[in-house]
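Q: The lines below spell out each chain.
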Amino acid sequence: MLQITNLHASIDDQPILRGIDLCIKDGEVHSLMGPNGSGKSTLAKVLAGDEAYEITEGSIVLNGHDLLEVDPHERAAAGLFMAFQYPVEIPGVTMKYFLRTAINSIRKNRGQDELDAYEFLSLVKERAAMVELDLDLLDRPVNGGFSGGEKKRAEIFQMAMLEPTACILDETDSGLDIDALKIVADGVNKMRSPERSFLVITHYQRLLSYIVPDVVHVLVDGRIIRTGDKQLALELEEHGYAWVEQKNAVDA
Amino acid sequence: MTTNQPCTFSDRSKAIAPDGFTARRTEAIDRFQEILWPTMRDEAWRYTDTRPIASVEFAAADPASTADLESIAPFMLDDDMPKIVFVDGVYQASCSTASNMPGVHIDRIANVLASDPQRLADRLSAHADWQDDPASALSTALLTDGVLVEIEDGASMREPLHIIFVSQGGPDPISVHPRVLVVAGNNAKGTVIESHVGTSEHTILTTPVTELIAGNDVRLDHYRMVREGEGTWHLGDLALHQGSNTEVSSCVLAFDGPVIRTRMRGTLAGEHGNAILHGLALGHGKRHIENLLRVNHMVPNCRSREAFKHVLEDNATAAFTGRIYVAEGAQKTDAVQTNRNLLLSSTARSTARPQLEIYADDVKCTHGATAGELDPEAMFYLQARGVPTEAARSMLVQAFAGEILDDVAPASLRAQAMMLLRNRLPAAEHLAVIE
Numbered sequence: 001m002l003q004i005t006n007l008h009a010s011i012d013d014q015p016i017l018r019g020i021d022l023c024i025k026d027g028e029v030h031s032l033m034g035p036n037g038s039g040k041s042t043l044a045k046v047l048a049g050d051e052a053y054e055i056t057e058g059s060i061v062l063n064g065h066d067l068l069e070v071d072p073h074e075r076a077a078a079g080l081f082m083a084f085q086y087p088v089e090i091p092g093v094t095m096k097y098f099l100r101t102a103i104n105s106i107r108k109n110r111g112q113d114e115l116d117a118y119e120f121l122s123l124v125k126e127r128a129a130m131v132e133l134d135l136d137l138l139d140r141p142v143n144g145g146f147s148g149g150e151k152k153r154a155e156i157f158q159m160a161m162l163e164p165t166a167c168i169l170d171e172t173d174s175g176l177d178i179d180a181l182k183i184v185a186d187g188v189n190k191m192r193s194p195e196r197s198f199l200v201i202t203h204y205q206r207l208l209s210y211i212v213p214d215v216v217h218v219l220v221d222g223r224i225i226r227t228g229d230k231q232l233a234l235e236l237e238e239h240g241y242a243w244v245e246q247k248n249a250v251d252a
Numbered sequence: 253m254t255t256n257q258p259c260t261f262s263d264r265s266k267a268i269a270p271d272g273f274t275a276r277r278t279e280a281i282d283r284f285q286e287i288l289w290p291t292m293r294d295e296a297w298r299y300t301d302t303r304p305i306a307s308v309e310f311a312a313a314d315p316a317s318t319a320d321l322e323s324i325a326p327f328m329l330d331d332d333m334p335k336i337v338f339v340d341g342v343y344q345a346s347c348s349t350a351s352n353m354p355g356v357h358i359d360r361i362a363n364v365l366a367s368d369p370q371r372l373a374d375r376l377s378a379h380a381d382w383q384d385d386p387a388s389a390l391s392t393a394l395l396t397d398g399v400l401v402e403i404e405d406g407a408s409m410r411e412p413l414h415i416i417f418v419s420q421g422g423p424d425p426i427s428v429h430p431r432v433l434v435v436a437g438n439n440a441k442g443t444v445i446e447s448h449v450g451t452s453e454h455t456i457l458t459t460p461v462t463e464l465i466a467g468n469d470v471r472l473d474h475y476r477m478v479r480e481g482e483g484t485w486h487l488g489d490l491a492l493h494q495g496s497n498t499e500v501s502s503c504v505l506a507f508d509g510p511v512i513r514t515r516m517r518g519t520l521a522g523e524h525g526n527a528i529l530h531g532l533a534l535g536h537g538k539r540h541i542e543n544l545l546r547v548n549h550m551v552p553n554c555r556s557r558e559a560f561k562h563v564l565e566d567n568a569t570a571a572f573t574g575r576i577y578v579a580e581g582a583q584k585t586d587a588v589q590t591n592r593n594l595l596l597s598s599t600a601r602s603t604a605r606p607q608l609e610i611y612a613d614d615v616k617c618t619h620g621a622t623a624g625e626l627d628p629e630a631m632f633y634l635q636a637r638g639v640p641t642e643a644a645r646s647m648l649v650q651a652f653a654g655e656i657l658d659d660v661a662p663a664s665l666r667a668q669a670m671m672l673l674r675n676r677l678p679a680a681e682h683l684a685v686i687e
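Quick note, the sequences are listed as chains A and B, same order. Taking our numbering, I'd label the letters of the first sequence as residues 1 to 252. Taking our numbering, I'd label the letters of the second sequence as residues 253 to 687.
Worth flagging that the hints you see were computed from the coordinates, not collected in a lab. Bear in mind the structure is a predicted one, so any value in this text is a computation, not a measurement. All C-beta atoms, glycine included, are put in the ideal place defined by N, C-alpha and C. Fair warning: there could be bad hints in the mix.
What the hints assert, rightly or not - Beyond 10 Å from chain B on every Cβ pair, some chain A residues (computed):
1) P15
2) D21
3) H30
4) H65
5) G175
6) M191
7) K230
Claimed, not checked - Among chain B residues calculated to face chain A with C-beta under 8 Å, some are:
8) E629
9) V639
10) A643
The following block holds chain B by itself, in its conformation from the complex:
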């Protein structure tokens, strides 16, 4: 790193060449400077201690960052699934294969900002509520690239799109700000999978922000697989905005990384919308997982389902906050929220905060949170049938996680997640291979 390169977030934001997004960047960096990294006295940050990153000067990534295909091969799904790869935020033409599908436009945000910024107006950063969150504000202030997926009215993505963000870093700490915007027109259908991956131990801050905007009669499925390296702080943000008769799902699989915090916000703005937010997190060592959710029921007759499961070992910690907001007049709202924690050691910790904010009187909102160990009766039953103790434990962990993984529709992603889970469980050699 040469000394004349901008190092503070503010300098970095100001150094970005002017384009159609400059005004928003300026607003966002100003906002970030106002709020900075909150302390744990801040309600939204009570469970994630930002002190380890607050004093770090994060540089921008080397614009020539590359990764070889071999090193990212383990993170791939189907060979023929269209993919777009970024390394430390830098687009990798050599391993990206995605191109437009009929009725589906897949573009780099950098190109759209340069050529036709109007396509992003009122969309990019319109739903992510970056004003409330330093990571999201920072992502907006430093936004230069990412992926825009636009599905035309009546069009369907014929196959899922896989976007891979590799966190690689170097000797100096860097921050990267991955960005995805999916805009689905009326009667559109599609699936987008993100993988946030890395194998390096370098210090990296990544603040991925994804916005899913659905018109009417839309079916959209989104997955975010997180397998970061040991030095990567992952502070993510997801925003869903749904029109009427829509079903939009987002599932976060937090498998690897020292700190994985995900903020998810679903807004049901048209009647008969269905928002499905799922998450599975695996924590061991001193890992920390936080899922911070908010579902806004703005209109009547919508449904939301939140199901988050955390498997915690050693000294791992997990926090779940889920707010269900039901606006005045949003009658017949049907909202269900669950957070289940499986504690595999006496030193693992979990916290759950369900929050209901309801301004309508004819609604059905339920929440449930549990923290517990493996069921001793089930353990005995399996063991009595000849399954060794460790394998029985592993089988019950698989069963616990299965409730989330069974709903992962893309087969290659589901298989990858199941295999990752199986391989980290003890006595995997005893477990029958799932066919």
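Next up, chain A with everything else stripped away, as it sits in the complex:
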């Protein structure tokens, strides 16, 4: 269970998140929607531990671990995974080398045995197939020269490799054509399980036709202003974010 309570975060003394409360139970898929600049990506980066942001108030607890107390790699070991909106290219480090170091660091941290070369490659083959990822990409530098679609597929592939319990997908749909979107969504759906929770951050409803959420939140100006079921995403698509704000004003 991922529990976010009254989370405030700022960058360069500029508040971005202004009190976020969010609880994602095991097995649930939540979607976070919102206009540009509402703080969606900030929330993703803050969850993963980006030091550029200052947490001024609140808490993030994953399965009893206080994430704000630990470094990004320990959050990963605790079961958090954030798929980047813009995966970083790292020349000189191959995907395979990086991933093997990552997975064994996490396994070591969790008290599991490291994977040997054979076990690692078997897992790579199995999980790459889930997102139809070309195995040749694994001998290339991390995200180096990958197309937009390859980068996003590689993110979901890494997620499948690292087997997290809480998955944050930061605009994984951006820059994907419809075929790639389906492949990525299929990969995510295959990973859905009663022990795993998802936070799917997106600007558009489109992705949610493929990854059907249990709960939809609307983030505006650093606060969640409305929460509903998947129907809310469809209404947003139809009426836009301004509509939610008006509706909230009327309700109040």
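Please arrange chain B on chain A, whose structure you already have, making use of the hints.
A: Okay, now just chain B, sitting in the frame of chain A:
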């Protein structure tokens, strides 16, 4: 050291028994006496302070110097790679295994000077520009031995030759002057690897000079691995001279030693030549690294590529100077020079001086120098995937160095360099083993 042994460089040069090289030695010692050790006001020596060695009296090495195989074992590459070992400039018959290959003559310079000095005429010290540089002048003035590799027209070295110069020293400071001359005939091919190594903390000055002379249609690769002991000043010189349709590469891996200064000069004298000069330096503590390059494009249609990378920690310093000279009429010259510095501490320092001297109008010459820290976005990405902070830093240092090491063709040398790098990085136990 007994008192009647010659101690000044001049006395030492004059004490060498006359042979076919005596006239050149005399010229060189005279030249050295003229220029001596420059101060930092001298443009070429602005970044390397010679005061710590200028007042030292360096004796010659003990002619009976030996090293046991065990102590040099960590510096070896493949067991079966032919090798020649010198300890403080003294040839070690017991651990040298190289012999001639078909079409390839491998000889000690001392033997050639004694028996057939004509083979060295117009070659030895012909391209190193020793007149401009005290270390190179000294090397010429005190030259007695080293390795000559002659590859006949059309011949290929079937495997790389590994030449190991061990700097061992003793209680009194000594200077040694390792020498390599490679002469490749037309259509020849070969690879020569030098290792300059030592584990002692004795005060030693070493001034290795290597000249690579390539005829036409030659492919020659040269590597110089530097892993000197803590008391060894390494002031090296490399000269490449290329005919037409040649590709000659030289790569300096400056891994250990308090001062490693390397002067490299490539001269493209025939059309369609390609000179590749690479370097990787690792500096920590108070180490100082300097790479001083000059590429001469004398004729049209040649290409040169210079790529030097420095990884600096603590108070380490590095200086890079790269001059690209394009002679009048050397049209369609294509020259690229880069110097990248990775500064892992706020007190490490790097300096880059690109210098272009171009007398032709249809050329493409570019240079780029950078100094920076590890990319914070890449760091966050690795950490977010579970790689611990120190291991993530180490991984990015490996990536930075990888651009140079990936081009090291002999697998055993590349593996040795990668392992040395990995072992000195923090959190190496977290890093997957490269297969």
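Q: Could you run down the list of hints and mark each one as holding or not?
A: Against the structure, the hints come out as follows:
The beta carbon of P15/A sits about 21 Å from the closest Cβ of chain B, which is more than 10 Å, so the claim that it is off the interface holds. Non-interface call for D21/A relative to chain B: holds, since the shortest CB-CB distance, roughly 24 Å, exceeds 10 Å. At roughly 20 Å, the least C-beta separation between H30/A and chain B is larger than 10 Å, which holds for a residue marked as non-interface. No Cβ of chain B approaches the Cβ of H65/A within 10 Å, the least distance being about 14 Å, so the stated non-interface status holds.
The claim that G175/A lies off the interface holds: its Cβ sits roughly 18 Å from the closest Cβ of chain B, which is beyond the 10 Å cut-off. For M191/A, the non-interface assignment is confirmed: its Cβ lies about 16 Å from the closest Cβ of chain B, beyond the 10 Å cut-off. No beta-carbon of chain B is positioned within 10 Å of the beta-carbon of K230/A; the least distance is around 29 Å. Satisfaction of the interface hint for E629/B is found here, the shortest Cβ-Cβ separation to chain A being roughly 5 Å, below the 8 Å cut-off.
For the restraint placing V639/B at the interface with chain A, the shortest Cβ-Cβ distance is roughly 5 Å, inside the 8 Å limit, so the hint holds. Nearest Cβ of chain A to the Cβ of A643/B: about 7 Å, under the 8 Å cut. The hint holds.
When the structure is compared with the earlier hints, no violation turns up for any of them.
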